[in-house]
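*Asks:* These are the residues of each chain, in order.
2 protein chains.
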Amino acid sequence: MKKIINDPANVVDEALAGMAAAHADLIEVHRDPHYVLAREAPRRGKVGVVSGGGSGHEPLHAGFVGFGMLDAACPGPVFTSPSPDPILAATMAVDAGAGVLHIVKNYTGDVLNFETAAELAAAEDIEVEAVVIDDDVAVRDSLYTAGRRGVGGTVLAEKIVGAAAERGADLASLAALCRRVNANVRSMGMALTPCTVPHAGKPTFELGDNEMEIGIGIHGEPGRERMPLEPANAIVERLLAPVVEDLPFGSGDRTLLFVNGMGGTPLMELYVAYAHAGKVLAQRGIGVERRLVGNYVTSLEMQGMSITLLRLDDEMLDLWDAPVQTAALRWGR
Amino acid sequence: MKKIINDPANVVDEALAGMAAAHADLIEVHRDPHYVLAREAPRRGKVGVVSGGGSGHEPLHAGFVGFGMLDAACPGPVFTSPSPDPILAATMAVDAGAGVLHIVKNYTGDVLNFETAAELAAAEDIEVEAVVIDDDVAVRDSLYTAGRRGVGGTVLAEKIVGAAAERGADLASLAALCRRVNANVRSMGMALTPCTVPHAGKPTFELGDNEMEIGIGIHGEPGRERMPLEPANAIVERLLAPVVEDLPFGSGDRTLLFVNGMGGTPLMELYVAYAHAGKVLAQRGIGVERRLVGNYVTSLEMQGMSITLLRLDDEMLDLWDAPVQTAALRWGR
Numbered sequence: 050m051k052k053i054i055n056d057p058a059n060v061v062d063e064a065l066a067g068m069a070a071a072h073a074d075l076i077e078v079h080r081d082p083h084y085v086l087a088r089e090a091p092r093r094g095k096v097g098v099v100s101g102g103g104s105g106h107e108p109l110h111a112g113f114v115g116f117g118m119l120d121a122a123c124p125g126p127v128f129t130s131p132s133p134d135p136i137l138a139a140t141m142a143v144d145a146g147a148g149v150l151h152i153v154k155n156y157t158g159d160v161l162n163f164e165t166a167a168e169l170a171a172a173e174d175i176e177v178e179a180v181v182i183d184d185d186v187a188v189r190d191s192l193y194t195a196g197r198r199g200v201g202g203t204v205l206a207e208k209i210v211g212a213a214a215e216r217g218a219d220l221a222s223l224a225a226l227c228r229r230v231n232a233n234v235r236s237m238g239m240a241l242t243p244c245t246v247p248h249a250g251k252p253t254f255e256l257g258d259n260e261m262e263i264g265i266g267i268h269g270e271p272g273r274e275r276m277p278l279e280p281a282n283a284i285v286e287r288l289l290a291p292v293v294e295d296l297p298f299g300s301g302d303r304t305l306l307f308v309n310g311m312g313g314t315p316l317m318e319l320y321v322a323y324a325h326a327g328k329v330l331a332q333r334g335i336g337v338e339r340r341l342v343g344n345y346v347t348s349l350e351m352q353g354m355s356i357t358l359l360r361l362d363d364e365m366l367d368l369w370d371a372p373v374q375t376a377a378l379r380w381g382r
Numbered sequence: 050m051k052k053i054i055n056d057p058a059n060v061v062d063e064a065l066a067g068m069a070a071a072h073a074d075l076i077e078v079h080r081d082p083h084y085v086l087a088r089e090a091p092r093r094g095k096v097g098v099v100s101g102g103g104s105g106h107e108p109l110h111a112g113f114v115g116f117g118m119l120d121a122a123c124p125g126p127v128f129t130s131p132s133p134d135p136i137l138a139a140t141m142a143v144d145a146g147a148g149v150l151h152i153v154k155n156y157t158g159d160v161l162n163f164e165t166a167a168e169l170a171a172a173e174d175i176e177v178e179a180v181v182i183d184d185d186v187a188v189r190d191s192l193y194t195a196g197r198r199g200v201g202g203t204v205l206a207e208k209i210v211g212a213a214a215e216r217g218a219d220l221a222s223l224a225a226l227c228r229r230v231n232a233n234v235r236s237m238g239m240a241l242t243p244c245t246v247p248h249a250g251k252p253t254f255e256l257g258d259n260e261m262e263i264g265i266g267i268h269g270e271p272g273r274e275r276m277p278l279e280p281a282n283a284i285v286e287r288l289l290a291p292v293v294e295d296l297p298f299g300s301g302d303r304t305l306l307f308v309n310g311m312g313g314t315p316l317m318e319l320y321v322a323y324a325h326a327g328k329v330l331a332q333r334g335i336g337v338e339r340r341l342v343g344n345y346v347t348s349l350e351m352q353g354m355s356i357t358l359l360r361l362d363d364e365m366l367d368l369w370d371a372p373v374q375t376a377a378l379r380w381g382r
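In order, the protein sequences belong to chains A and B.
Okay, so the first sequence: first residue is 50 according to my numbering, each after it adds one.
Okay, so the second sequence: first residue is 50 according to my numbering, each after it adds one.
Treat the hints as calculated values from the structure; they're not laboratory data.
Fair warning: there could be bad hints in the mix.
You can't tell identical chains apart in this list, so a pair holds if it fits in one copy or across any two.
[Unchecked claim] No farther apart than 25 Å at their CA atoms in a straight line, the calculated lysine to any residue pairs in the SDA-like style are these:
(1) LYS328 - SER300
(2) LYS328 - GLU77
(3) LYS328 - ASP370
(4) LYS251 - ARG379
(5) LYS51 - ARG287
(6) LYS328 - GLU173
(7) LYS328 - ASP134
(8) LYS251 - GLY336
(9) LYS328 - ARG360
(10) LYS328 - GLY257
(11) LYS328 - LEU341
(12) LYS251 - TYR193
(13) LYS328 - ASP74
(14) LYS51 - LEU366
(15) LYS51 - PRO82
(16) LYS251 - GLU178
(17) LYS251 - LEU278
(18) LYS51 - ASP81
(19) LYS251 - ARG80
(20) LYS328 - HIS79
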């Protein structure tokens with residue numbers, strides 16, 4: 050196992066210490082239990098927005114804590130859900146009387162632990178709404194998940210809902226908006242290589258020298274098909290066709306196209322994929338009005354990518370453009 | 050070779066097409082010869098700032114074209130210098146009568162081709178100054194380079210000088226500022242894995258399962274030492290000690306600490322390294338006032354990192370904080 054780490058048991062703690070030191074203007078890292086809190090939270094009258102999940106997907110979620118996106122993130126151990134304790138602590142820390150929205154990726158452990166935390170928060174008179182993101186069209190059920198997995202769509206939901214929360218939307222409106230984003234977003238991923246979880250010390254799966262896996266999950270969960278490696282354009286079409294057909298997206302739709310790297314994929318390759326994805330969508334009459342290209346929802350050092358497509362309406366588009374200041378996304382405050 | 054590409058011969062072109070489509074608000078990509086031009090360039094009265102070099106180090110340099118950084122970038126083939134033609138074309142395109150600054154990484158081909166382009170520009174009555182960045186302390190001479198290589202310090206020079214150009218500094222002042230940045234910045238890198246140049250199809254070098262290379266260049270050029278893998282903290286100390294001792298940095302210095310990934314390194318590992326680097330500097334009385342953590346000067350999918358330290362003065366600090374809007378760095382415009 051080749052990694053720039055000290056002790057596999059401490060890698061999340063040490064990475065959070067680095068984040069705390071690097072981004073002290075944006076976040077503070079709390080310990081026992083662990084959560085990452087926006088420097089300005091809680092803010093009176095503002096609904097708190099909290100997400101979280103296993104670590105190893107950085108910058109998701111801690112890299113999106115700050116202004117205009119998340120108020121707190123709960124990072125679990127690598128590829129393992131955070132327990133209810135830190136979720137409750139984060140929920141209490143961001144509550145300013147207007148309630149708290151939980152944005153939860155659809156993995157069984159995450160969903161259960163966020164639910165438990167929400168019940169405990171209710172006992173403390175904190176109103177919590179939870180929205181489960183399940184945008185991955187690859188497989189119906191999977192290792193760790195009943196129903197579809199939550200992947201790239203989560204970043205878009207966090208940005209759009211976070212912007213609405215900044216503008217003072219109430220909890221019910223934010224939950225409705227988050228559900229609307231989830232209802233209009235679809236994703237699918239693929240991998241060229243596996244990744245190695247530090248405490249496991251060996252790759253999560255094996256792929257032949259000339260093989261790729263289509264429809265893979267962000268923890269290396271099996272996808273739709275293992276097959277010979279193809280050119281970038283063919284890969285893009287394999288990911289994009291089921292994404293487009295699932296919603297379905299259609300001619301005249303205005304979209305946000307998100308080409309996401311799995312962590313070990315060079316930016317150059319993501320732009321090669323983006324170029325072709327835009328052409329394929331144009332052929333179908335689907336307009337790309339906004340985009341995101343980069344490594345945002347990763348699987349440690351896995352090489353591969355996912356494509357996420359969001360059907361935008363005027364409100365989502367306006368909220369996407371709103372100022373954001375976080376470690377991993379920032380513009381225009 | 051596992052990559053998300055179509056044809057190794059077209060990978061740079063296709064990636065640039067993707068960049069052009071994704072960032073049409075910031076840049077336009079010109080062909081025959083190839084260069085990436087800021088959407089707003091040329092601007093009357095403003096000195097043009099141009100950089101470039103072999104591709105495969107993305108987001109360097111095209112990802113830094115826009116507002117407050119570069120006016121143009123000249124991407125060569127993968128790991129190969131751009132020829133004088135595109136450099137001349139970019140220089141002419143950004144010139145608005147106030148002259149053009151070339152920021153050149155110290156590789157023999159880059160230096161020669163930028164020099165030739167500057168001579169050709171002079172024949173067109175365009176005043177050009179060139180500053181060569183040579184911040185890598187690892188080795189004195191190297192494959193492709195007489196003297197020290199230019200690496201991470203280039204990003205910091207482009208940001209600081211770009212901000213000064215935005216504020217209307219003249220060519221001589223910008224060149225002096227760029228030399229001052231170069232005189233105060235030092236870097237060193239390491240690799241856990243090699244990378245594969247698309248048209249070569251095989252790794253640039255071999256590293257054993259438990260080996261790392263300290264002092265490596267961004268094209269996989271040999272470094273100081275190949276040795277058994279060590280924990281993150283020991284690696285950080287191996288990179289930071291020669292960086293600090295070379296300038297030397299000393300107690301009371303205010304610095305910008307840049308922990309850069311080589312392309313295939315997860316963000317989590319870069320934050321682990323950042324945490325320890327900050328501690329080591331604090332022990333020496335060196336203050337970290339600004340920082341950058343991420344994959345900014347890469348070697349395709351290489352796993353590894355470099356550490357860059359810049360001694361800040363008040364002017365550099367103020368220029369670092371100035372607004373910037375590019376594909377890869379953006380804040381506060």
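*Asks:* Run through the hints listed earlier and report the numbers of any the structure violates, in increasing order.
*Replies:* 4, 6, 7, 8, 10, 14, 15, 16, 18 and 19
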